[in-house]
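Colleague: Spelled out, the chains give:
Number of protein chains: 4
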Amino acid sequence: MRKQFYHFIESGQIHHKKSKYYDYGMIAIILLSIVPLLFKQQTPLLSSIDTLTFLVFVVDYLCRWLTADFILKRGRMSFLLYPFSLMAILDLLCILPYISLLNNSFKLLKVIRMIRALRVIKLFRYSKNIRIITNVLKHQKDALLIVGVLATSYIFVSALILFNIEPDTFPSFFDAIYWATISLTTVGYGDIYATSILGKTMTMISALVGIAIVALPAGIITAGYMEEIAKTQNGSQERT
Amino acid sequence: MRKQFYHFIESGQIHHKKSKYYDYGMIAIILLSIVPLLFKQQTPLLSSIDTLTFLVFVVDYLCRWLTADFILKRGRMSFLLYPFSLMAILDLLCILPYISLLNNSFKLLKVIRMIRALRVIKLFRYSKNIRIITNVLKHQKDALLIVGVLATSYIFVSALILFNIEPDTFPSFFDAIYWATISLTTVGYGDIYATSILGKTMTMISALVGIAIVALPAGIITAGYMEEIAKTQNGSQERT
Amino acid sequence: MRKQFYHFIESGQIHHKKSKYYDYGMIAIILLSIVPLLFKQQTPLLSSIDTLTFLVFVVDYLCRWLTADFILKRGRMSFLLYPFSLMAILDLLCILPYISLLNNSFKLLKVIRMIRALRVIKLFRYSKNIRIITNVLKHQKDALLIVGVLATSYIFVSALILFNIEPDTFPSFFDAIYWATISLTTVGYGDIYATSILGKTMTMISALVGIAIVALPAGIITAGYMEEIAKTQNGSQERT
Amino acid sequence: MRKQFYHFIESGQIHHKKSKYYDYGMIAIILLSIVPLLFKQQTPLLSSIDTLTFLVFVVDYLCRWLTADFILKRGRMSFLLYPFSLMAILDLLCILPYISLLNNSFKLLKVIRMIRALRVIKLFRYSKNIRIITNVLKHQKDALLIVGVLATSYIFVSALILFNIEPDTFPSFFDAIYWATISLTTVGYGDIYATSILGKTMTMISALVGIAIVALPAGIITAGYMEEIAKTQNGSQERT
Numbered sequence: 001m002r003k004q005f006y007h008f009i010e011s012g013q014i015h016h017k018k019s020k021y022y023d024y025g026m027i028a029i030i031l032l033s034i035v036p037l038l039f040k041q042q043t044p045l046l047s048s049i050d051t052l053t054f055l056v057f058v059v060d061y062l063c064r065w066l067t068a069d070f071i072l073k074r075g076r077m078s079f080l081l082y083p084f085s086l087m088a089i090l091d092l093l094c095i096l097p098y099i100s101l102l103n104n105s106f107k108l109l110k111v112i113r114m115i116r117a118l119r120v121i122k123l124f125r126y127s128k129n130i131r132i133i134t135n136v137l138k139h140q141k142d143a144l145l146i147v148g149v150l151a152t153s154y155i156f157v158s159a160l161i162l163f164n165i166e167p168d169t170f171p172s173f174f175d176a177i178y179w180a181t182i183s184l185t186t187v188g189y190g191d192i193y194a195t196s197i198l199g200k201t202m203t204m205i206s207a208l209v210g211i212a213i214v215a216l217p218a219g220i221i222t223a224g225y226m227e228e229i230a231k232t233q234n235g236s237q238e239r240t
Numbered sequence: 001m002r003k004q005f006y007h008f009i010e011s012g013q014i015h016h017k018k019s020k021y022y023d024y025g026m027i028a029i030i031l032l033s034i035v036p037l038l039f040k041q042q043t044p045l046l047s048s049i050d051t052l053t054f055l056v057f058v059v060d061y062l063c064r065w066l067t068a069d070f071i072l073k074r075g076r077m078s079f080l081l082y083p084f085s086l087m088a089i090l091d092l093l094c095i096l097p098y099i100s101l102l103n104n105s106f107k108l109l110k111v112i113r114m115i116r117a118l119r120v121i122k123l124f125r126y127s128k129n130i131r132i133i134t135n136v137l138k139h140q141k142d143a144l145l146i147v148g149v150l151a152t153s154y155i156f157v158s159a160l161i162l163f164n165i166e167p168d169t170f171p172s173f174f175d176a177i178y179w180a181t182i183s184l185t186t187v188g189y190g191d192i193y194a195t196s197i198l199g200k201t202m203t204m205i206s207a208l209v210g211i212a213i214v215a216l217p218a219g220i221i222t223a224g225y226m227e228e229i230a231k232t233q234n235g236s237q238e239r240t
Numbered sequence: 001m002r003k004q005f006y007h008f009i010e011s012g013q014i015h016h017k018k019s020k021y022y023d024y025g026m027i028a029i030i031l032l033s034i035v036p037l038l039f040k041q042q043t044p045l046l047s048s049i050d051t052l053t054f055l056v057f058v059v060d061y062l063c064r065w066l067t068a069d070f071i072l073k074r075g076r077m078s079f080l081l082y083p084f085s086l087m088a089i090l091d092l093l094c095i096l097p098y099i100s101l102l103n104n105s106f107k108l109l110k111v112i113r114m115i116r117a118l119r120v121i122k123l124f125r126y127s128k129n130i131r132i133i134t135n136v137l138k139h140q141k142d143a144l145l146i147v148g149v150l151a152t153s154y155i156f157v158s159a160l161i162l163f164n165i166e167p168d169t170f171p172s173f174f175d176a177i178y179w180a181t182i183s184l185t186t187v188g189y190g191d192i193y194a195t196s197i198l199g200k201t202m203t204m205i206s207a208l209v210g211i212a213i214v215a216l217p218a219g220i221i222t223a224g225y226m227e228e229i230a231k232t233q234n235g236s237q238e239r240t
Numbered sequence: 001m002r003k004q005f006y007h008f009i010e011s012g013q014i015h016h017k018k019s020k021y022y023d024y025g026m027i028a029i030i031l032l033s034i035v036p037l038l039f040k041q042q043t044p045l046l047s048s049i050d051t052l053t054f055l056v057f058v059v060d061y062l063c064r065w066l067t068a069d070f071i072l073k074r075g076r077m078s079f080l081l082y083p084f085s086l087m088a089i090l091d092l093l094c095i096l097p098y099i100s101l102l103n104n105s106f107k108l109l110k111v112i113r114m115i116r117a118l119r120v121i122k123l124f125r126y127s128k129n130i131r132i133i134t135n136v137l138k139h140q141k142d143a144l145l146i147v148g149v150l151a152t153s154y155i156f157v158s159a160l161i162l163f164n165i166e167p168d169t170f171p172s173f174f175d176a177i178y179w180a181t182i183s184l185t186t187v188g189y190g191d192i193y194a195t196s197i198l199g200k201t202m203t204m205i206s207a208l209v210g211i212a213i214v215a216l217p218a219g220i221i222t223a224g225y226m227e228e229i230a231k232t233q234n235g236s237q238e239r240t
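Chains as they are written, first to last, in UniProt numbering: chain C, 1 to 240; chain S, 1 to 240; chain U, 1 to 240; chain W, 1 to 240.
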């Protein structure tokens, strides 16, 4: 009986109809548990939603612990090991914010619940387009990593130079990093910017070269996407 | 005689010369009816333009109703059904703003008239380039939809995190969504932005990942466009 | 003798060595004549540069008029027709600002002189890369025109909607157009933006769709560029 | 013995294990020497880091000078010539800032030390992806140069026009160049922008055309990247 219960709550069991209903229910509860995060004042309704979703998560956590031997397949040891597995820690982190009620930023641990939602979304991965996009990211992983390192280094060096040219503009080095990131992504809020001639000159050089660096990941993703499409088409042509 | 009249007012009848003149006339009236929207003060001239175009739209609406049996091809029932067809409702919405004269934002229903203008533009769809662009959008529909969902989710999660990190910066969750959209599209007005260290750090991470997400639709459209060109060329080569 | 003189001043005569020197001299004079535009106060030095370049342009204008029969190849009539040819009018417009000394914005006619500089740059057009870039722009002319019309229409409709939603934000319709252009190009100065809930919502929708429209010309240019490269390579392969 | 010492300190000697350790040590010292640049107040700890790294650089400089005959391979003359070689001058510039202690912006010479770090990074150049990216930049060098010249000219002309239309907005021509760069890279801080009707109109035209120019380098890099991938794949296919 516990085995059937395990199959019921375990997500990603496509052929098990009731399991699917449980998954959909959990997604609804996860989304519901996020609703109180969208408001500043905690009304009685929002508080009761918080309590309700908290209780569901506690029950879900306990149920998974009770079927730990089916998840980890390690016999009796499973019950001892389960609370230290990654999924169990994440689940615990989702529950903690309600108990503690410490402060606002701590509330954000609830966002971790979304990872759970992502687990369920795995069901949709058989779609052709999602597969192509994930394939692009997977095959171009190395190139994107290098471009990422390049962009990060560029931001760091730009920030370092500006911070030493205009120490009055930037209260700390963190602000220089913030300025460089907001400038090179071309967001440009205008809350912080260089004011001296030398600082403005460096800003211009940074921005002009920054465009080329921003063009690199776009180029890599485009190239990867087209390669993937070509592969898919060649594959289907060879079969015919 | 009513049949000929129907052919006269019905748009998209390419081989019917007079119908084309009627279409061009209607586009001119539609554009004329938008002119009063471009000014704040309503001068006597603008008011008379409003009245004139209103009358033309009323006459056009009645004429279409009178020839409803040719449009819907349902016999006498057509006269009863026509006011509930999509085009008739849109036409009515275009006329209503003048009658009501309620408030400014209501005036915007006049913009719906542009949909009518679009209907006429259908005539130009036989151009090769427009066909390629619409083909790209049609064939990449699924991919663009997924990227759209991805971007929207990303904006929502960014807004959710920032809203809970810095409740003082954002009066409501709507403002957090507004901030996230303006930041990730790299518009960055600078009317709202994070001020705390944690908020700025999350802004930076959001912006850096946001670029990659923005690069995705560009990549998909480029890839789709090139595929479409290749197809068109292969098609013409095979024929020769 | 006048014929030789014509060959001397006429730009674009590659095989004529002295003509090239005259061209380089004229570019230097054109660039020199722009120098006074870079300063606010007119010092004696800048004034004398202005007078000097003015005199050179007058002499150049007269010389070209005197050799008009070689330029237009219409016999004596050429001398009468020349002042009304496009190049002569442009040359005259370059000279006028000095004579009039009317106001600042009138000074800008001097910028027209740069068109003359462009004429000389024609000499460099035999470079392979410039040819590819101009070919891309030429072959994708229709597509870019359609995208341009699309973008302009989109800016107009966005401005129209926002202007009627928030008449208090925008002093005139021109400001709404300015806002839409600065927002959709993602420049986002932050000098003008929507403040109402409805206005902000429309801003978000505008910005999100605007990205896709901005991605279109980039896609078209990229696709055109790759096609052009492929053509150049196929051409050289077929020859071998 | 001095020869072995030379092999020990010379960077880029892959097969020499101890040399690698020396390289890694130098990178650590270089990164350490940058730490004091990240803070405004000089604490005793930061001052001692400054002194320590200064001493290491002085020792490194002297060691390289002592083995100059192995570096330049010019016999005894090497010891005289070495201080005037590019690497020696760069090394000296890295040491100078500590001695002078003149002002803040002079501190930036330390950034030159990073060039030394880059020399070591050469070791990683055998990675496939970095080779592709550098190949793209190398093969598209001419095209990128032309686009660079085009973008710079465009910025200059935009600045020139705006500076003469609105002399009150821009204190000097430098500010106009700054405005044009920040606008056309779509950063748009909002610290400087046109306020007159004519100025705003020119801003709009500049921004709209600027997008197309920004799309060019992205297109070139994408096209170059895809060509490079295709070449790599064809190469490996021909071998099989």
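Everything labelled a hint here was simulated from the structure, so no lab data went into it. Incorrect hints may have been included.
It does not matter which identical chain is used: a pair holds within one copy or between any two.
[Claimed, not checked] Listed next, the in silico BS3-like pairs over lysine-lysine satisfying Cα-Cα at most 30 angstroms (straight line):
(1) 40 - 20
(2) 141 - 231
(3) 141 - 20
(4) 73 - 40
(5) 3 - 20
(6) 73 - 20
(7) 40 - 141
(8) 231 - 138
(9) 141 - 73
(10) 3 - 40
Colleague: So which of those numbered hints doesn't the model satisfy?
Modeller: Of the numbered hints, 1, 4, 7, 9 and 10 do not hold.
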